[in-house]
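Asker: Now for the letters of each chain:
Number of protein chains: 2
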Amino acid sequence: MKHEGNMVIAQGGGPTVVINQSLVGAVRQAMDYPQVNRVYGAIRGVAGIVNEEFLDLTQESPSNLEKVADMPAAALSSTRDKPDEKYCREIFDVLKAYNVRSFFYIGGNDSSDALHIIKNFALQENYDFRAVHIPKTIDNDLVKNDHTPGYGSAAKFVAQAFMGANLDNRSLPGVYIGVVMGRHAGFLTAASSAGRQYPDDGPHLIYLPERVFDTDSYLEDVKRVYEKFGRCVIAVSEGIQDSAGNPMITQLQDKVETDAHGNVQLSGTGALGDLLAQVVKDNLKIKRVRSDTFGYLQRSFWGCVSDVDREEAREVGEKAVQFALGNDEDGSVTINRTGEYSVDYGYATLEEIAGKTKYMPDEFINQEGNDVTPAFREYVTPLLGSEWLRTHRLKAPHVKK
Amino acid sequence: MKHEGNMVIAQGGGPTVVINQSLVGAVRQAMDYPQVNRVYGAIRGVAGIVNEEFLDLTQESPSNLEKVADMPAAALSSTRDKPDEKYCREIFDVLKAYNVRSFFYIGGNDSSDALHIIKNFALQENYDFRAVHIPKTIDNDLVKNDHTPGYGSAAKFVAQAFMGANLDNRSLPGVYIGVVMGRHAGFLTAASSAGRQYPDDGPHLIYLPERVFDTDSYLEDVKRVYEKFGRCVIAVSEGIQDSAGNPMITQLQDKVETDAHGNVQLSGTGALGDLLAQVVKDNLKIKRVRSDTFGYLQRSFWGCVSDVDREEAREVGEKAVQFALGNDEDGSVTINRTGEYSVDYGYATLEEIAGKTKYMPDEFINQEGNDVTPAFREYVTPLLGSEWLRTHRLKAPHVKK
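Residue numbers (my numbering), protein chains in the order written: chain A, 1 to 401; chain B, 1 to 401.
There are no misleading hints in this set.
Here are the simulated lysine-lysine pairs, DSSO-like style, with alpha carbons at most 27 Å apart:
| id | chain 1 | residue 1 | chain 2 | residue 2 |
| --- | --- | --- | --- | --- |
| 1 | A | Lys400 | B | Lys82 |
| 2 | A | Lys82 | B | Lys400 |
| 3 | B | Lys401 | A | Lys96 |
| 4 | B | Lys401 | A | Lys86 |
| 5 | B | Lys144 | B | Lys82 |
| 6 | B | Lys2 | B | Lys96 |
| 7 | A | Lys2 | B | Lys401 |
Not the full set, but computed from the structure, chain A residues with beta-carbon under 8 Å of chain B:
| id | residue |
| --- | --- |
| 8 | Tyr40 |
| 9 | Phe54 |
| 10 | Leu172 |
| 11 | Gly270 |
| 12 | Gly295 |
| 13 | Leu297 |
| 14 | Lys401 |
Bear in mind the hints are in silico, worked out from the structure with no lab data behind them. Note that CB positions come from ideal geometry on N, CA and C, so glycine has one too.
When you get a sec, could you build the whole thing from the sequences and use the hints?
Answerer: Right, dumping it as structure tokens:
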């Protein structure tokens, strides 16, 4: 039988809250294919392959698999390793030694690059082998995809965070800055807009890596909003850059009175938010200025899951196995939007996905570059799932003095 | 009829995600008392009283009140004003002018102080008047209470954040530091422990303001955990202090190689987390060290609510009205734990509550001062509500190399 032998699955890069849905979807789907003898899970992504560290997932109980599917973060553990040619050779040699006939890698666009190299070794040696990429990234920056598994849930977290932060800021007015993950693509930061409802709801300003960040314009924007509403809620991507393409975290340090230093490490530090707050304090003389950096909670917070994202992540794992073992194809599963709202799953070649980044299209960003458009709202809303994200206010009349 | 006239309700201090339950509980309960003509909501706490800014909540629809009850942050808006004697006199004069016969203030321990002063003016003038404090604080630091409304939900947020962060850290190992709100009391930071389940689950170290923070011990602790598990998850209260009682944020700056400066502003800045991470990097030469400061999400995140907390916050508002209007008492509603788990509501005098802070009792903190005890776990678990906070792992056997 074609591809008769074992299968390996691994998880790479930054985890999401639904990455285990894809894992379990693929593992359980694989059980339906008689050519698969054993399903091995590599521990710590490709690093686990070269170190020959595998779990025999064929011996995992279905009910425990289902429980694990609902957990955030990579159940098999992940890695930041980006294999070069030599590393890929080592991977391939181990896979061959374990009679592995299909390899599924759940990851961002780096992982499809590695898969592509590994597949070429198989072709050169005429080794019967399928290499399949299963997409995931909260950044939503994979080409050939309407969106990626993991994004919807992270977007829901960001939307809920700003819904609460906006109400909190309305209770105790001031300037509030929330720093959101996203080094190159602004999709996650843009999701901060999803809970806006009333005309004065924040975030009032949204700054994305797709547009040049100019400190003077920022200060003018904040001043204008603050004068209008007596408060200002701001969503900022950690990846905002100046006109020369330098991260703002390095540029802002010259603009504030403190002499703080820091490495240009974007996540896992509150430095950018603190600097953006300090600029407002120093220049606009607004007293109550606060910043939060949402950090790892965006991709790992237990229990904040979009049901649409969860279901799609699951199906993407299942589809990957069907494409590879049922249709005998290599490649990367893609999500295509159809109707309002439904999706179809397709397949792209590994070359089409590898190493490329999708950015926010122009029609999602307003003219001034400080907010999103209604088109983005239409795009993101179904991805947040069926839970209706709404806020409510008192409507009672004022008492005459 | 005694107390015939109007009623005022207001919200003060930092909001919570269930503070509007107390508001709505009190407002709807008040409708049952014929001596209450109008229920006024003061906008921005006591500031709204002196400025005569009231909403006529008698004209609010019950169904909208119920929707607002579920929203985070103060629906009436809040204030940081801490009224002195003169300010209290102004409040009292406005209340009298509006024929207000009962005043309910939802707030922390500062608010009961103001209520006490206002009540004394009423007594001096023989003005028929009830002053009632409705407790709320995510810090859980009110005396005479087993716990306070708002704490359970914030604790659930912190627990869920650390459950996810622990799994994320297990996926991509390193040192992770989560900075939690709590200037003087460590209850919220301690809640980081609530989701621990497996022997190697983090947070592995918990630092509270109730114990002196020593940088050398901290480094030894981190080194030991990191050597044991290859990773380390740490929960730190923003209020940790050195042996002289100085906030660590000022002390740590001398210990790190960067020359960062910052105001001693604990919330709304990532500085403490960044400094604690830098100390580890500099001294232990661990490469992957990340810090998150949970910030305002802890008290405002939309949708993360403990049902137990929600129900209690509601009842506390209802009880306040019953005590004041039914039983003709001033004071502060208290929550007393009975059984495993149930509560009774009691009543304390305003003097008993005002200006006092409850700290973590010694039996909740381990000998080394770097973790909580099982007694704390027993204390906190029912407050997190009926949603079972659990994580699951793969249990499949390793494949022989």
